[in-house]
Each structure stands twice: as C-alpha cells, then as structure tokens.
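2 protein chains.
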Amino acid sequence: MKSEHAMEEVHFADETPPLKPESEGLWKVMIVDDDDFVHKVTELTLGDYHYQNTPVRYLHAYSGAEARALLREHPDTAVILLDVVMETENAGLEFARHVRKEANNSFVRIILRTGQPGQAPERKVITEYDINDYKHKAELSEQRLFTAITAAIRSYRDLRTIELGRLGLQEVICASAALFSAGSVQDFFVLALEHILRTGRCAGPCCRENGLVALGTDGGFEILESRGLASGPDNVPVGRLRELFERASREGRVLVLDQEFAARFFNSHTDQDFFFYVFFGRPLSETEQGLLHILGGNIAVALSNLFLTEEIVATQREVVLTLGEVVETRSKETAHHVKRVAEYSYVLAIKAGLSDERARLLRMASPMHDVGKIGIPDSILFKPGKLTDDEFSIIKTHTVIGHSILKGSPRRIMRTAATIALQHHEHWDGGGYPHGLVEDETHIFGRITALADVFDALSCDRVYKKAWPLNEVLDYLREKRGRQFDPFLVDIFLENLDEILAIRVAYPD
Amino acid sequence: MKSEHAMEEVHFADETPPLKPESEGLWKVMIVDDDDFVHKVTELTLGDYHYQNTPVRYLHAYSGAEARALLREHPDTAVILLDVVMETENAGLEFARHVRKEANNSFVRIILRTGQPGQAPERKVITEYDINDYKHKAELSEQRLFTAITAAIRSYRDLRTIELGRLGLQEVICASAALFSAGSVQDFFVLALEHILRTGRCAGPCCRENGLVALGTDGGFEILESRGLASGPDNVPVGRLRELFERASREGRVLVLDQEFAARFFNSHTDQDFFFYVFFGRPLSETEQGLLHILGGNIAVALSNLFLTEEIVATQREVVLTLGEVVETRSKETAHHVKRVAEYSYVLAIKAGLSDERARLLRMASPMHDVGKIGIPDSILFKPGKLTDDEFSIIKTHTVIGHSILKGSPRRIMRTAATIALQHHEHWDGGGYPHGLVEDETHIFGRITALADVFDALSCDRVYKKAWPLNEVLDYLREKRGRQFDPFLVDIFLENLDEILAIRVAYPD
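Residue numbers (the working numbering), protein chains in the order written: chain A, 7 to 515; chain B, 7 to 515.
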C-alpha cells in the first residue's frame, strides 16, 4: 500500500474552466474548390456561423490532392463542401471516394457543390458516391447554405455522439480485461483508478481530475492510492467523502453524480471496506455517466473475484503452515519454525534470481518439508540424548516418507513439496542423505530449504539443544560453505542478513 | 459435463438463406401529411426506390397524433417526410420535438416539407428543431426528392451501423460480467457458448447457428456442450474441427473466419485443451467479427482466472486431505479415512438442506477434525489393548488440542475446522466430550462429522479392531439415534445409504 497516512483534509488541484467534450471546441468545415472566390463567398455568406454555441473553423483546399493532405491533418473535420471539377474533371468525386474508402472516414459529412451539373449527374452521383448532399452552386442562397451546413453538422454530431459511446465501451472492455488480469489487489487499485479517471477525461489538457482509493477505518479513511491530490489550495473535507461513502453503502455500490464518481466495495472475507472517489471538475455527459456505471459494475465483479482468490490463497498458506508446524513439532504449540523457513526461502529465492512466481511456489510448498516426521516414533523424535546409529537411520527416513506422502498428487505445490521433503538434507559435496546428491543434482528449492532450515534450527532452542549465538551460527554457515551448503546461496544469505534477521524478529517463537 | 460421447460426425441444422442484418430487410419511410394527394405523389415519384438493393416500405400518417402512434409501432423508421401544418398550425414541428425528446429517437432522419414557408421560417426551424433537412414542397422535383431520401437513408444507415457496434459492445460487457461471475468451468462453457452465438445472431428467426465446446483428447474431441447439432442432414466432418483447432493453436487463441468462430483455450494446470467452435451459416459483418474477437479475448481472460481458481481450490483440498490423513494415521500410509468422512459429510449436509456453499465449506474443513491427535503420544494412540481411564482422558484432549491449533486463524475454513475439531465427539443426549453439549448446542457441522466419522471408523479395520459388517454398523447407528447421534441426521443417512456406500467404493483403503 502506497501511503498509509491518515487523511484529515484532501487537497485538490487548481480548478480550471471545463472544456467542451468536442475535440477542440469548434466545428471544422473544409471548403474544397479550385476557385478562390467560392472560398471567400462561402465564408462571407455563413458569416459568424455557430451551431449549438460552438463556432466553425474553415479549412481551405484548392485541389483534390490538397484536400487529402488537409483531411489527414484534420481527421475530425465535420463537413466538407466539395467542388467536382478541379485539377481533373472529377477530382472532387475521386476525393469523396478516397475519404470513405482509403481514409476510412465515415464520419465527415460531404456536401457536393457543382457548378456544371452535366459533369456530375445528380442521380448517378448521389447513388454511387457515399456523399450526404448534392447542391447546385447557382441555387445555394445564404439560407440554403445555412440549412445544409446545419443539417450536416447535426448529422456529424449524432454520429460522433454514438461513436464516442462506442469508443468508451471499447475502452471499458480493455480496462476490464486488464482489471481481471491484475495479480494483486494493490495493482488492481492503481489500474481501476486510472481507468475511472480516463473514462471521464475530456479531450483538452486542462480538465481537473482528482481521485483516491481508501480503506475504511474506524475513524475515517486510510488512503491507499491517490491521483492529483494535495497539489492545490482547494480542499474537500473528509465529511463529503464520508457522506458519499454512506450513500454508496445505502443505495448500492456505484454512485455516478454530476461531477463525481463514488463507490464502495466490501471484502466479506476480511470485513474490509474499500472506497473509490473521483472528482472530475466538470459535469459528466450522459454517455460518460453510463460508461462509469458499467465500469463500476465491472470493477465490482473483478474485485470480488480478486478478494476470493486472495482469500483462498491466504487460507491455503495458513493451512499448510499450521499443519506443517504441528507435524514438525508434534504438539499443539504452533511455533513459527516452518513459517520462518518459508520466509527465509522466499528471500533467498528472489535474491538468487528466481521469478516471483517460483519464489512464491517455494514459500507455499516449503512448510511441508518435514511432513515425513509423522512416520518417526515419539521415542526417537523426542529423544533428549544422542541417537544411536540405528535411531539416526530411522530419523533419516523422514525424507523418503515425506516424499512418498506428497508425491502422489498432480498439483504443482504438492509435487514441489515432495521434492523439497526428499532433498532438504542433501549436501553440496555429496555427504548428505538420502541419496548423496552432489551440487546442483539437488534441486535449487532443496538447496535453499536446506540452508534456511539449518539456520533456523541452530538459531533457536530445540528439545536437544539451546539456541546458538548468531555469530556462531554464521561461522557455521561459512565453514560449511561449499561443503554442506551451496556456496552461492551462503553468499546471498550473508549479503542479505538484514532481511533474514527481520523475519526472525517478525515471527519469534 | 453434459455429454461424453465420442464425436465422429457433427450434424448441423438445415441451411436457410441468410437474412440481411437490417431489421426486416427494408427501409421504412414515414410520410406524415394531412393531404392524401401528397402521400400518393410521393410514392409515385419515388416509384420502385431501392437503396443498396433494399426496398422501401412506406408508412402513412395524416396527423401529428397518428404519426406518434405509428412511430411507436415502428421505432426502426429510417426517414420521416414531415408536413408542418396539419391538425394545428405547427403539428409537424411538435411531432419533430416529440420524436427527439419524448420518443427519444435520435436515429430517424426528419425531412421537413412545408407548403407555406411563412408558417415555418427556415432559419428558425432548422436551428431550433432537431430536423435533418428543410424543403419547400414546390421545389421538390423527382430528382430532389430522390437525393433527399438517399442522403437521409444513408445517414440513418451510418448511425445504425455505429449503434449496432455500440450495442454489440454493450452486450459483450454484460456477457463478460456474467462470465467472470461463473462459479464453475461447466457453467462457464454454457454461458460462453450462448454469448458467442448471440453475438453473431441476426435479427431474423431463421439464421442457422451451431456451436460446441469440446475437450481435446488423444483421438479427437469429447463434446462438453453443444447447441443445434445433430438435428439436420448436414454434416461437418471432425476433420474440419481438427484443422481449425490446429490453426487456433498455431495462430493464437481466437479465430474469427467468414462464417465461423473457433478458439482454443489451454489449461496449463491440468494440461487440458478446450475448443470452442461455432458455425453461423452466414457471412459475419465486420462489426460482428470485431465483437467476436473482443468476446473471445474476454473469454480467454475469464477462463484463465477460472482455471487458476479451480487449481488453487483443488490444491487446497489435497493439502488438507493429505496432511489431515497423515496426522490422523500418523504414518506415511495415506489411506482415505478423512477423504471418506469429508465426502459423507458433504452428502449429509446437502441432504439436510444446507447450501452448496456451506456443504463445500464443511467438506474442505472436515479433514482437519482430528488434527489434535498430533498432541497424543504414540504409546496411547497406538495402544492395542483397552485404555485406562487416565489414558482415555488424555485421548479426549485431542478435541481441545485440535481446537486450539486451528482457532487462531481468521480464515473461515480454519475457524470451521476448529469448531469441528472441538465438537465431533459430542453426543445428542449430552453424553459426549469435551463439553457434554446437548442436541443442537453442537453445531450442525460437528453433528454431521460425528456421524460420518463413527460410521467410517466402524466399517473399516483399525489398529484395535476389525471392520464390522455393514448391517451391524447400521444397527449401531439406529440404536444410537437420538442418543449419540442427531436423529434427523441418522434418518438422512439411512435414506441416502446408496450414495454413502458409493463413496466407500470410490475411496477404499
């Protein structure tokens, strides 16, 4: 968890005036005509044209070739007023075909304006080309042009509105795939917050957005992740968060308000309450609100999957640790020997360059390494004095007994545990048991567990001995480097002694 | 798994000619005018009008009120040719407002046709009403009408195309939420197949669709789920499936072909190959293909989550069973006592009306019921003869020892196991130990485990006794009904003896 400071006040970034959701707050109208006069007259005729309080920006092209380049630069053009005859007799029609087929732009509305109707017979053109209006230049009065442009921009707006919804959904789907693939709750929070912010992010650079993920505590909230907070003079009191949190609990998980997103997700396994809050700093459109609802729903499903998986994995670890420990010590006193060995092994595996996945596998399997001791009689296992050769031979069998208990399973954790049980008494120089394996004939998991197990045994009290002082234990490891233990692992162990000792402090007997 | 027959030939339903994806294969054009002559002339003028090989169907309304009713009936109307002055001076404009605001239809294109321009000044109307074209009746020549209708239908088509994509995405999102919530792989297959079929389902009733989910086997496929197969004379040989399966393996998981969907999903935990195949019987549109790719990707993510969860749960069960068994028998001989007790308990829980979730919890926790025996010396635990009172007192402590080993965990399974460990020697009449609880003072899990444990102990060989014949075991349960055991549970046990005995056969010692 990134930050654990208690939150008293939440600071938001500076407020800036919200932009229109439309690309740059204006409608782009491209005039394509080889006659400069037509350009001038068109602008003059339309004058200070606005549609829905948004002005028009005119783009000018004087040939089909120029128009192509201009459209590449402005793919968000709303309307093209298109002449037919330019550098060739049907340069305009060729450009119209290019727009739909090659530039793949099905949004821009094309109004064909022809001066010589004979060149482009109306019926043929309107049928064969994917254009949206056909006008004779002669009859294009101010009023007609006004109507044509208004209808075209309106159509463009309708198309863009649905398209924005479609794109938003596509983003939600990508977001969801990412969310459902998140490996941990922490990763998930970072991702989910990012996707909520993105859904409500407007095209312009200056839209204010602030968000956080918090864990509900007795007194208030503990912030786990935050974006854009504490960077401005603006404050939102914790009271507002608490109010929304309570509303989210009462009305259902996801609240999408005019400018805010708030949701509460409850982990029933751990009785933890998680709270998402985002303040967008501008009113959300209906489309955005709909998308946020869908995204919120997906977050809920993905999170409850993740909570469940984390619970199962945590339970599995506890089962293995608890049963491994009681088998090891054969008593109800559940000390922390197998837990420490598991944690030491994890650290050694990571430092030895194993992947986190393999290191976790080792940590999960390692507590079962002594399960074979179940087959050794009390009288030998708990004998206070020195063992006879026969008794020691019996003790040694705990490796093969453990292996035979665990090896039958097809599960990866169990198979791994079987290998560890069999090999954790092998020595680097071949002097170990049961098989006298040499060097890396012993699996890396076996070598790691061997070192971790001996370190813990020596540095703690046992029925037959007192704990050794740390320096004596370390001397022992150095002495046995390259003989009993993998020399590379002993080096790693000594280099990372701080982490090892921290584990011993965290899980004392 | 629904059917396990080997598949030699796959039969598909009859082929029928595919319909156009558009709603009913025609464009609906509504003429709204109080003058019957206008209706007649419009139809006459447009004649046998087609757009993209699809004909027009004319709908007729003679007033604003009629138009509202007609639109309710035909919300998929493409174009409205709208008169202004009808039952009132601006009945047409009122209807236009109704279409957008009340009927919430932003798809239908509205062409206003006015006979008295003074009644509806063009600039004001085009600005204030969400209409798409403004025409004077006087100037509506055949060519003009043709152009206006073509442009309007084209706009409608563009809007519908994006909207269909958007709706498809929305369905994929709903599908994904359902898929990610699936509790088991089987449920998942049914759902996933349904959603793939739905994505490619055309509006008409007669589109052919056939699908299956299969498990790859050495020889070919084992069908797990199928839809619409084996109901027609048409055959697709297994060879085609094998070909696509190999292609899916080679090129990536999801193949979307002209008329087919094929995907392979590999469970790396179990080395199982799952294969989805759907034949749609008509060419898929680009939108549909895109949606199927997205859906396929989501299926992959959801399925790999599910595989992982199933693996973790299975591993957890094995860990608990294996360790529970070795603690119970204190030997490397992993017999099946705790496994049988777990399975008997599951059956009894279900038959006693507990939810599947609770029954599974009991099954998972039950193998740990005797974990406290770890604290009992060999000499007492394995004593062949009769125990002294003191020795029996020590044996009895395995309940509280087990409880104290397990109770420290916050995990549900461990807490449940702690309760079972403590209570599985209590009697219905209060004569049990350690606390002499009466009737339902003992938790239902404790009562169930008590019965299952004694049944298994009596009907199998133990170190201190031979197995009893079945009839003697059942006589014992009947005799102890309402004394040692919950009478209700004994009844359930006897009523479901077949299932109980099947478990004993499945897991022998």
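Treat the hints as calculated values from the structure; they're not laboratory data. Some hints here could point you the wrong way.
Since the list can't tell identical chains apart, any single copy or any two copies may satisfy a pair.
In silico DSSO-like links for lysine-lysine, alpha-carbon gap of 27 Å or less [to be verified]:
1. Lys-46 x Lys-486
2. Lys-389 x Lys-402
3. Lys-143 x Lys-46
4. Lys-392 x Lys-107
5. Lys-143 x Lys-130
6. Lys-472 x Lys-402
7. Lys-130 x Lys-46
8. Lys-141 x Lys-130
9. Lys-107 x Lys-130
10. Lys-402 x Lys-130
11. Lys-486 x Lys-357
12. Lys-107 x Lys-389
We went through each hint and held it up to the structure:
1. Taking the shortest Cα distances, Lys-46 and Lys-486 never come within 27 Å of each other, neither inside one copy (93 Å) nor across copies (105 Å).
2. In this assembly of identical chains, Lys-389 and Lys-402 lie within 27 Å of each other by CA distance both inside one copy and across copies; the values are 15 Å within and 25 Å between.
3. Only within a single protomer do Lys-143 and Lys-46 lie at most 27 Å apart by alpha-carbon distance; the minimum there is 14 Å, versus 31 Å between protomers.
4. Taking the shortest Cα distances, Lys-392 and Lys-107 never come within 27 Å of each other, neither inside one copy (89 Å) nor across copies (93 Å).
5. For the identical chains of this complex, Lys-143 and Lys-130 are neighbours both inside a copy (18 Å) and across copies (23 Å), given an alpha-carbon limit of 27 Å.
6. In this assembly of identical chains, Lys-472 and Lys-402 lie within 27 Å of each other by CA distance solely inside one copy; the values are 22 Å within and 33 Å between copies.
7. Taking the shortest alpha-carbon separations for Lys-130 and Lys-46, only the inter-copy value of 25 Å comes in at or below 27 Å, while the best intra-copy value is 29 Å.
8. When the C-alpha separation of Lys-141 and Lys-130 is checked against a cutoff of 27 Å, the pair qualifies both within a copy, at 14 Å, and between copies, at 21 Å.
9. For the identical chains of this complex, Lys-107 and Lys-130 are intra-copy neighbours only, at 18 Å inside a copy versus 36 Å across copies, given an alpha-carbon limit of 27 Å.
10. Taking the shortest alpha-carbon separations for Lys-402 and Lys-130, neither the intra-copy value of 94 Å nor the inter-copy value of 98 Å comes in at or below 27 Å.
11. For the identical chains of this complex, Lys-486 and Lys-357 are intra-copy neighbours only, at 20 Å inside a copy versus 60 Å across copies, given an alpha-carbon limit of 27 Å.
12. Within a single copy, Lys-107 and Lys-389 get their C-alpha atoms no closer than 87 Å, and across copies no closer than 89 Å, so neither meets the 27 Å cut-off.
In summary, the structure is inconsistent with hints 1, 4, 10, 12 from the numbered list given earlier, while agreeing with the others.
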